[in-house]
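Once you have looked at the hints, place chain D on chain P.
Chain order of the listed sequences is P and D. Positions 1 to 114 (my numbering) are the ones given, in order, by the first sequence. Positions 1 to 111 (my numbering) are the ones given, in order, by the second sequence.
Hints are not guaranteed to be accurate.
To be verified - Cβ-to-Cβ under 8 Å is the rule here; a few derived chain P residues that face chain D:
| # | residue |
| --- | --- |
| 1 | 42 |
| 2 | 100 |
| 3 | 102 |
| 4 | 103 |
| 5 | 106 |
| 6 | 107 |
| 7 | 108 |
| 8 | 112 |
Calculated from the structure, these hints are not laboratory results. Backbone N, C-alpha and C define an ideal beta-carbon position, used for all residues, glycine too.
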Amino acid sequence: DGGITQSPKYLFRKEGQNVTLSCEQNLNHDAMYWYRQDPGQGLRLIYYSQIVNDFQKGDIAEGYSVSREKKESFPLTVTSAQKNPTAFYLCASSIAPGGDQPQHFGDGTRLSIL
Amino acid sequence: QKEVEQDPGPLSVPEGAIVSLNCTYSNSAFQYFMWYRQYSRKGPELLMYTYSSGNKEDGRFTAQVDKSSKYISLFIRDSQPSDSATYLCAKAPGNNRKLIWGLGTSLAVNP
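Here chain P stands alone, though its shape is the one from the complex:
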C-alpha cells in the first residue's frame, strides 16, 4: 500500500542536541511538507519542498533544517536553536506543488525534551 512513513513514533531530545525526524513516501508525489502541531494552535508549516533538491521556508522555519536529496525522502532536523521543540510533527505530501492539491499525511512523530 502506498503511503507516508514517519519514524520514530516517539523521540526524546536532550538539551543542546540535534535530532532528525524521518519521512518517506512511496506515492510518487513531487511535493512534501513538514508541519508542527501544538494544542490550540493548529497546523503550522515549517518547510516544504516542491521538487528534489529544492525547499522553501514555511511560517516557523527558525531552528529547523531539511534536505530533499531523493523524491521519496524529506528528513527534518530539529536543531539546538529550536528552544521549544516539544510538539507533534507531521509530514505530508501532494502529487504536485500548488495550493489546490490535497495533502496526504503520515502518522506523526511526537518529540519531547528530556
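For chain D alone, coordinates are given in the frame of chain P:
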C-alpha cells in the same frame, strides 16, 4: 481575524445524530476547500475535497460550500462512535503554495 475560523468545540452528540461542523473564511480569492479527520495520535486523513459552491456527498458525509456567505460545512449523518475525532477544515488560496488551516473541532459521539 484568522483567514479560516473554526469553533474548537468540544462537540458531544449521541450516536445516530446528524452532526454539523462549520468553518468561515475571510479571503475570497480562489477557493478549494478540504475537510480532514484526525484521530488522537494520528495524522490527518483527507475526507472531502471540493471547489465549487453547493454540496458534495460521500457516504454519510456531505460537504457544503456557500461562497456568498464564506461558509463551509461538513455534515455527518447517522454519526457513529468511530466518528469521534478532530475535524480540520483547510482552504487553498490558489497560487500560494500553502494551505490555510482551521484549528479543528473536537467531536465526541457517545454510544
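Inset, instruction - Hint by hint, work out which the structure violates, then give me just those numbers in ascending order. - result: Hint 8 alone not satisfied by this model.
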